[in-house]
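These protein sequence lines are chains C and U, in that order. Residue numbers are given in the numbering used here: position 373 of the first sequence equals residue 373, and the series is strictly consecutive. Residue numbers are given in the numbering used here: position 395 of the second sequence equals residue 850, and the series is strictly consecutive.
Worth flagging that the hints you see were computed from the coordinates, not collected in a lab. Using N, Cα and C, we set each Cβ at its ideal position, and we do this for glycine too. Errors might be hidden in some of the hints.
Claimed, not checked - Some but not every residue of chain C turned toward chain U, in silico, with C-beta under 10 Å: (1) 31; (2) 40; (3) 42; (4) 45; (5) 46; (6) 49; (7) 106; (8) 107; (9) 188.
One-letter residues, chain by chain:
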Amino acid sequence: MAEGQFRDGIVAGRLPSADYEQNFADLHPPLDRHEALVEADRCYFCYDAPCMQACPTQIDIPLFIRQIATGNPLGSAKTIFDQNILGGMCARVCPTETLCEEACVREAAEGKPVQIGRLQRYATDVAMEQGRQFYQRAAPTGKKIAIVGAGPAGLACAHGLAVHGHDVTIYEARPKPGGLNEYGIAAYKTPGGFAQAEVDYVTAIGGIDIEYGKALGRDIHLAELIANFDAVFLGMGLAGVNALRAEGEDAEGVENAVEFIATLRQASDLSSLPVGRRVVVIGGGMTAVDAAVQSKLLGAEEVTICYRRGPEHMNASEYEQDLAAANGVAIRHWLQPKRVVSEGGKVVAIELEYTALDGDRLKGTGEILRLPADQVFKAIGQSFEPSVLNGSGPSIALENGRIRIDAEGRTSLDKVWAGGDCVVDAREDLTVSAVAAGRDAAQSIHRSLTSNGRA
Amino acid sequence: MADIRNDFVGIKSPNPFWLASAPPTDKAYNVERAFKAGWGGVVWKTLGEEGPPIVNVNGPRYGAIWGADRRLLGLNNIELITDRDLQTNLREIKQIKRDWPDRAVVVSIMVPCEEAAWKAILPVVEETGADGIELNFGCPHGMSERGMGSAVGQVPEYIEMVARWCKQNTRMPVIVKLTPNITDIRYPARAAKKGGADAVSLINTVSSITSVDLDSFSPEPSIDGKGSHGGYCGPAVKPIALNMVAEIARDPETAGLPISGIGGVTTWRDAAEFMALGAGNVQVCTAAMTYGFKIVQEMIEGLKNWMDEKGHARLDDIVGRATPNVTDWQYLNLNYVTKARINQDLCIKCGRCHIACEDTSHQAITSTVNGVRHFEVIEAECVGCNLCVNVCPVEDCIDMVALAAGTLDQRTGRKVEPTYANWTTHPNNPMAPKVAAE
Numbered sequence: 001m002a003e004g005q006f007r008d009g010i011v012a013g014r015l016p017s018a019d020y021e022q023n024f025a026d027l028h029p030p031l032d033r034h035e036a037l038v039e040a041d042r043c044y045f046c047y048d049a050p051c052m053q054a055c056p057t058q059i060d061i062p063l064f065i066r067q068i069a070t071g072n073p074l075g076s077a078k079t080i081f082d083q084n085i086l087g088g089m090c091a092r093v094c095p096t097e098t099l100c101e102e103a104c105v106r107e108a109a110e111g112k113p114v115q116i117g118r119l120q121r122y123a124t125d126v127a128m129e130q131g132r133q134f135y136q137r138a139a140p141t142g143k144k145i146a147i148v149g150a151g152p153a154g155l156a157c158a159h160g161l162a163v164h165g166h167d168v169t170i171y172e173a174r175p176k177p178g179g180l181n182e183y184g185i186a187a188y189k190t191p192g193g194f195a196q197a198e199v200d201y202v203t204a205i206g207g208i209d210i211e212y213g214k215a216l217g218r219d220i221h222l223a224e225l226i227a228n229f230d231a232v233f234l235g236m237g238l239a240g241v242n243a244l245r246a247e248g249e250d251a252e253g254v255e256n257a258v259e260f261i262a263t264l265r266q267a268s269d270l271s272s273l274p275v276g277r278r279v280v281v282i283g284g285g286m287t288a289v290d291a292a293v294q295s296k297l298l299g300a301e302e303v304t305i306c307y308r309r310g311p312e313h314m315n316a317s318e319y320e321q322d323l324a325a326a327n328g329v330a331i332r333h334w335l336q337p338k339r340v341v342s343e344g345g346k347v348v349a350i351e352l353e354y355t356a357l358d359g360d361r362l363k364g365t366g367e368i369l370r371l372p373a374d375q376v377f378k379a380i381g382q383s384f385e386p387s388v389l390n391g392s393g394p395s396i397a398l399e400n401g402r403i404r405i406d407a408e409g410r411t412s413l414d415k416v417w418a419g420g421d422c423v424v425d426a427r428e429d430l431t432v433s434a435v436a437a438g439r440d441a442a443q444s445i446h447r448s449l450t451s452n453g454r455a
Numbered sequence: 456m457a458d459i460r461n462d463f464v465g466i467k468s469p470n471p472f473w474l475a476s477a478p479p480t481d482k483a484y485n486v487e488r489a490f491k492a493g494w495g496g497v498v499w500k501t502l503g504e505e506g507p508p509i510v511n512v513n514g515p516r517y518g519a520i521w522g523a524d525r526r527l528l529g530l531n532n533i534e535l536i537t538d539r540d541l542q543t544n545l546r547e548i549k550q551i552k553r554d555w556p557d558r559a560v561v562v563s564i565m566v567p568c569e570e571a572a573w574k575a576i577l578p579v580v581e582e583t584g585a586d587g588i589e590l591n592f593g594c595p596h597g598m599s600e601r602g603m604g605s606a607v608g609q610v611p612e613y614i615e616m617v618a619r620w621c622k623q624n625t626r627m628p629v630i631v632k633l634t635p636n637i638t639d640i641r642y643p644a645r646a647a648k649k650g651g652a653d654a655v656s657l658i659n660t661v662s663s664i665t666s667v668d669l670d671s672f673s674p675e676p677s678i679d680g681k682g683s684h685g686g687y688c689g690p691a692v693k694p695i696a697l698n699m700v701a702e703i704a705r706d707p708e709t710a711g712l713p714i715s716g717i718g719g720v721t722t723w724r725d726a727a728e729f730m731a732l733g734a735g736n737v738q739v740c741t742a743a744m745t746y747g748f749k750i751v752q753e754m755i756e757g758l759k760n761w762m763d764e765k766g767h768a769r770l771d772d773i774v775g776r777a778t779p780n781v782t783d784w785q786y787l788n789l790n791y792v793t794k795a796r797i798n799q800d801l802c803i804k805c806g807r808c809h810i811a812c813e814d815t816s817h818q819a820i821t822s823t824v825n826g827v828r829h830f831e832v833i834e835a836e837c838v839g840c841n842l843c844v845n846v847c848p849v850e851d852c853i854d855m856v857a858l859a860a861g862t863l864d865q866r867t868g869r870k871v872e873p874t875y876a877n878w879t880t881h882p883n884n885p886m887a888p889k890v891a892a893e
């Protein structure tokens, strides 16, 4: 019988056990002190720095880099946390190549931007390793705020409110906090239990209580929260996964990429995690890349990402596409799923139709490609499930299937704010954008509870 | 191919690159390696008078400052003159000169400021066959507390006196090494000349404390929690040295006095600059102590290459070429008007030119134009100061463009005059000759 990579079907233990640790090690190892000093020296300390403008949380990047360069990593960390209390995670998972580092003037000058993400990690690591807290809780105000979801938006909001002395209760559906930081990002981007460590660091300020296993619409209800708290922040993210809309997609072996990633992130022994020999991932975003690369790292022989448009349309950045390619993932474009082929209820192949643009419209060409596959991952986006809000009191206005908010994060309901992936927002669905939303909502809540900031 | 053979006060060497009197020239082993690597000459590390050997500290002798990637920018030392026995040094000097007759071997000397002391040492040095002597009047640390080194170099009368004793008591050419730790370098140089010295060499090291340890509050380098001012050298001191060389080269009283240029010479380019300002050759220490003796290969080939490119056949063709261009401020042409010009194709939009000009100078560079990030010189405000050029991280992105005669200077509203005019005749100068009243 074929061994390891060449065994058909979805099986565990494809690799020698030592390979797993190596494959899932830190994608970007931390800079040591000297490397950080040399890299920091590359920063030009630009006027009205373009990197800062490109950061969804507006971190004062030239200042924090200068603080690293002058041997003040703690001051640097404070500069970062002042704008982004989850600066440690953002340093690891931000697509910096499309944010700060794309805007870096050295990118324009020489195609080699200052490694802002890695510098940010250096400074925040120093502060977190020392357990250094920069913020003190104000005297308790007696105001109580409920937050739904302990993801980036909820945590940022909770911290901001705790600083002002408000009491925060976070309701989290899962058994662990962190949201997508804990369950939804490739393991090699945040190894070593960092997501949990960061939550501990953020909540160490006090005044933040997290209740686990409490899902909105099941265990708690919006109307109760509104009644029992002074304000509510909704940051529960997206629970739905878009369907392939391909015939036969209920076959065994067709799975949600987000669930695969969550399982992988929670696995204590990666060698026990089954993966197909031939894996096809449908989608073109970060989730598709994370699922594809990790399949490959688990020992899948062939991994193919199929996306219905061209490389320039992919949500995954160029860097992420290169990362996939470097890990041996094939990315094929202009293909949309038509039919999942199964034998005995199990996937054996997927048929995709070639596509082309007809003006602005994407059309199938009629030509079909058949790829053998024993596992197919759906990664064509997630959706908000409004049902959790329904039947629990006055309904919240939605827009394009997500919660509508104003510039401060207020929903259509009095006392209710929202942010992160569950809202319709000009901001991208990024960790850093969720942090910005939670942070800003906290200030808006504080103002409304204290007559414009005054207790 | 350019001929870079050097004749300095009659001392011949195959190239103008000498190792300065310092740790690299303390013994035959090092000097042998230096000559094998290609150095044109050495000034042997300073000999003292016969007697119990010099004692050095047993902790750090050097301190430094660095750039970001630990590039050594400045070095400081508290090492004293040779701590080896005089006879050993003399024996090795003799052997080296015998084995390397085409290289320059000059011996640095520092003995008490008494004629007898100099009379005693000069013959024994002469006996080695050395090509010349250099009088160490420069060391700012340790020996100066004992009335030698810079304690002599800071008193022109002593310089003159000792130089005269040496000239009277030896046939060897006498080079006086000058300390920069004085207010006007021309006075010691004039004294050396009056005393009959054949040449001066400069600069010796600059009194300095490199840094302070903020945990122990000890100056660096730290010896058991205490530090003493040491001699600073390396790339950081080069501009100071260049100016002092030029001051002596253009002083009417010392013009023509041969100069051996010292101070931060690290590349052929540094050497060429020293020589252009009037140095007949150069001496190197910190660069060798940082990178080893091999760097001389780059210096030799780089200098030749530049001379070939520019059509300079011999060193004499470059020595002193920049000296006439060093002048006093009062003679600078006030009708020379420049404006900064930013090359938009090269600009990477870092904004450093803007913020430097906006915060600290003349508010002459935009940050946005029509709402778009854009850096452009406002000619009506630009005084042509060159600060933007100096802070710009992109080479050649900002030029200082001289306005042609007849062009309107938008800042002053006046046309650029075609003639040279300086402060001495400027109407605002109260000392200027007055034009007769109407």
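Against the structure, the hints:
At a threshold of 10 Å, the smallest CB-CB gap from residue 31/C to chain U is about 13 Å, leaving the interface hint violated. For residue 40/C, the interface hint holds, the least distance from its beta-carbon to any beta-carbon of chain U being 7 Å, beneath 10 Å. Hint status for residue 42/C: holds, given a least beta-carbon distance of 8 Å to chain U, under 10 Å. A hinted interface residue such as residue 45/C counts as satisfied when its beta carbon comes closer than 10 Å to some beta carbon of chain U; here the least separation is about 7 Å, so the hint holds.
Using the Cβ-Cβ criterion of 10 Å, the hint placing residue 46/C at the interface with chain U is satisfied: the shortest such distance is roughly 4 Å. Annotation: interface hint on residue 49/C holds; nearest CB of chain U at approximately 8 Å, less than 10 Å. With its C-beta approaching chain U no nearer than about 7 Å, residue 106/C sits inside the 10 Å limit, and its interface hint holds. Below 10 Å, beta-carbon pairs count as interface contacts, and residue 107/C has one with chain U at about 9 Å; its hint therefore holds.
Because the closest C-beta pair between residue 188/C and chain U is about 29 Å apart, greater than 10 Å, the hint is violated.
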